[in-house]
Amino acid sequence: MPTIGQSIPRKEGRAKVTGRARYVDDMALPGMLYGATVRSTVARGEIRGIEYGPSIPWDEFTIVSAADIPGRNCVTLILDDQPFLADGRINHPEEPILLLAHSDRFLLEEARRQIIVHVEPRPAVFSMDDALERRHVIWGNDNIFKSYVVSRGDVDAAMADGVRVIEGEYETGAQEQLYIEPNGMLAVANPVDGVTVWGSMQCPYYIQKALLSLFEMPAEKIRIVQMETGGGFGGKEEYPSIIAGHAALLAWKSGRPVKVIYDRAEDMAATTKRHPSRTRHRTAVDGQGRLVAMDIEFVIDGGAYCTLSPVVLSRGTIHAAGPYFCPNVRIRSHAVATSAPPHGAFRGFGAPQSIFALERHMDVVAAAIGLTPEEFRRRNFITPGQASAVGQVINEPVGMARLLDRALELSEYHDKTRRFAVSNRRSTTKQGIGFASFMHGAGFTGSGEEHLASVVAVDVVPDGHVRVMTSSTEIGQGTNTIFAQIAGDALQLPSDAIEVVQPDTALVPNSGPTVASRTCMVVGRLVESAALGVRRTLVDAGLLGDSYTSSDFQNACREYVARTGPLRATARYQPPPGLKWDDERYQGDAYGTYAWAVYVAEVTVDPVTFEVRVDDFVAVQEIGKVINPVLASGQIEGGVAQAIGWALHEHVVWREGRMVNSQMTNYIMPTSVDLPRIRVYFEEQAYPYGPAGAKGIGELPMDGAAPAIFNAVAQATGVSPTKVPLTPEVLMELMERARG
Amino acid sequence: MHVGELVSPKPRSGEGGPIRVGCTINGVASTLEGHPMARLLDVLRHDLRLTGTKEGCGEGECGACAILIDGQLVNSCLVPLLHAAGTSITTIEGVADGERLHAVQEAFIAYGGAQCGICTPGMVLAAINLLARNPDPAEADIRTALAGNLCRCTGYMRIFEAVVRACHPSASQT
Chain A
23 MPTIGQSIPR KEGRAKVTGR ARYVDDMALP GMLYGATVRS TVARGEIRGI EYGPSIPWDE
83 FTIVSAADIP GRNCVTLILD DQPFLADGRI NHPEEPILLL AHSDRFLLEE ARRQIIVHVE
143 PRPAVFSMDD ALERRHVIWG NDNIFKSYVV SRGDVDAAMA DGVRVIEGEY ETGAQEQLYI
203 EPNGMLAVAN PVDGVTVWGS MQCPYYIQKA LLSLFEMPAE KIRIVQMETG GGFGGKEEYP
263 SIIAGHAALL AWKSGRPVKV IYDRAEDMAA TTKRHPSRTR HRTAVDGQGR LVAMDIEFVI
323 DGGAYCTLSP VVLSRGTIHA AGPYFCPNVR IRSHAVATSA PPHGAFRGFG APQSIFALER
383 HMDVVAAAIG LTPEEFRRRN FITPGQASAV GQVINEPVGM ARLLDRALEL SEYHDKTRRF
443 AVSNRRSTTK QGIGFASFMH GAGFTGSGEE HLASVVAVDV VPDGHVRVMT SSTEIGQGTN
503 TIFAQIAGDA LQLPSDAIEV VQPDTALVPN SGPTVASRTC MVVGRLVESA ALGVRRTLVD
563 AGLLGDSYTS SDFQNACREY VARTGPLRAT ARYQPPPGLK WDDERYQGDA YGTYAWAVYV
623 AEVTVDPVTF EVRVDDFVAV QEIGKVINPV LASGQIEGGV AQAIGWALHE HVVWREGRMV
683 NSQMTNYIMP TSVDLPRIRV YFEEQAYPYG PAGAKGIGEL PMDGAAPAIF NAVAQATGVS
743 PTKVPLTPEV LMELMERARG
Chain B
6 MHVGELVSPK PRSGEGGPIR VGCTINGVAS TLEGHPMARL LDVLRHDLRL TGTKEGCGEG
66 ECGACAILID GQLVNSCLVP LLHAAGTSIT TIEGVADGER LHAVQEAFIA YGGAQCGICT
126 PGMVLAAINL LARNPDPAEA DIRTALAGNL CRCTGYMRIF EAVVRACHPS ASQT
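Just so you know, the protein sequences line up as chains A and B, in that order.
Residue numbering for the first sequence follows our numbering, starting at 23 and increasing by one per position.
Residue numbering for the second sequence follows our numbering, starting at 6 and increasing by one per position.
Check before you lean on any hint, since a few could be wrong.
Per the computed footprint, the stretches of chain A lying under chain B, defined by three or more beta-carbons under 8 Å from a beta-carbon of chain B, are [as the list claims (entries may be wrong)]:
id	stretch
1	197-203
2	487-499
3	525-537
FYI, nobody ran anything at the bench for these hints, they're computed from the structure.
Quantities reported herein were computed from a predicted structural model and do not represent experimental measurements.
Using N, Cα and C, we set each Cβ at its ideal position, and we do this for glycine too.
Whole structure, please, built from the sequences with the hints as guidance.
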């Protein structure tokens, strides 16, 4: 019986509920040392000296500085501008300077605190405006990591034409991924055997690539093994390369295994967070409420090194004009350098920022021209055959209007809008309901998947047992389970007959990173192809008929292996036919497909405490075939929860480039009493190039909640909130100003 | 069970030597030894290798290190070894009866209550603790009882579902 579409229980569920699942901090090796990182306390400057405190037995410590690096001191990613260890120059607070290792982790922490790094300060930059104005140039010639210009039609001419132009400016703050398992790595390293690292990660091959140049060793000498990983959300995409490098450098120098586990404060302050952003909209609308021109400026704060900022900027840019048709669009975007720790990957990857701005702005424009938010959007939804801002002609049967109908009905939007208008006049507390309509592209942008050229293998071991070999990591989202379902269905076997191998670069091919909502749609499709390859091989060998039992399959495998040798089928990514992307002009088919959604939030605002409470949340989305409903709903619910946190609670407080509230005590994420019922509904429109018709969903739920909530707050209070997060302090100021 | 090899915090000068503490861990009478202020979390994870108890924040906010001490749900990162004397401790390793899982564990698997799994041991213990006090909790009771256990993956919805299902295992499956 096919398992796709069934809620097969999580494959590693038993290990997780019994505490047997092994995370990196649960590992210990004989003779193991613990590692710690000495970091900069200042934003920018030149290192003048390092002072070792008097009460520590320093000769017992392994101490690593930039001078100990055997290969290149740069984290290989996009521009290779970030060192593993600062070499004379500091570019951001929390920048790693020295590494320490000792067998006593309590003494280690004391020693870390006893090191004083003397730094001669240099001018630093702490805001996007200062970066753009080049008050000080801290990166390259102009503080700009990357810029894009997307241009369709003629925005200036369209705006000069006497049409109504509505402007708006929107901002979003940083957000910490806050996976509950902090980052950590355990390494062994020596010149003979090379380097092996076990750890918490999303992308084993990214780490391998970074360590290849750090140690200048061939790939077969660098082995990366993913342990059970306690959440990632993008936060374990690129930064783990640095931690793996650090653990390996300490292991290399000490000759002992070294484990580096970040404590929560270090993890929050030093590792990547969501890019802060600012978006300016100028929107021209005709007398019929149709979009005539959109002029969008989108700026993100990349922090001190380039890391993934160009790619985050790209996704944010492409999503900035949303699921609407507009003949004249200009999007100018910049990722700028500031003296903060680099911002990085976080679920949604730039899209939540630009979609927040657009979807809040859509309500502002609707109000300005006297249309309801619903009617204004209905008049402008993109429909099949029309081209998006980047010129992608939509050729899938998109039904934004239908999704909107369903979401508004399920949330009782119309009824509540009417009721709240009445009840808010009498009531002290104010209620509101708002929504956002949006889409999210699945997989790497443009030609990204072609460059990745992901490979998946499906192996048959002699007893007829099937092993799925990918580097795609299980980080809670359900990779193990859906791959077993996909391979099982392709092979007509139960999903528990499929083993999904723990990612280990010594064993699995490179199926690319576990990012960009690509695991199910792109890698899952390759799993399906490779599994079908195994079946075809057995059928072609005359060992298997069209229908068979599990034991027929096992017999066929045994027979094949005995006759021919090991059986392995591989599949390599092939782009769907007809996809075209022009990287120079930033025009073309940005993504193979999109998930489409409408999210509705209902809120109560307390005008005494200025707290916003989300009372109900409806999430309607079209994501292709749903492989596993419980896992898919869990993805949406968790993403919405994270987005509600971003919208209302999660406020990173900066002081001269440092996060000063790097504790769970004062950086507030939603608890079980802070969230509404999150009601999830799927529409399934099979995507021909996904496994069984599935698309990607991981990032989508991060996009819609913040604007839906802000629109609901605007309806409830009459003020127009424009900055994420909407903390009580911010709302108080807005409402008091409105009261006069 | 006597614990021979200890790696919990070494006493600093002037703070007195290690102490020995008798307690019951997952039904087994045990003697723990260490600095009186050693975190019980470290003693469990490092000395006893009971690594199912997780560290998420080290400041009593996240609940990943939750255990039951004399039937009370506590964050073991905030409990000094001294306070374990004479108590009965249950960690996640002591919840299942051999290979037979507790109803809460079964429900977490069946209804999607665990995603990345790092909060799961503490969350399962918090749910068991609730059901011991209130065998048929309303959703508001479940929310309150789990409010000290942070989960970043699920948005809690499926955890609530799992707890309800654990109370009514015979109810038809969705």
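Item to complete: State the violated hints by number, sorted upward, taking the hints as numbered earlier in the document.
Response: When the structure is compared with the hints, only number 3 turns out to be violated.
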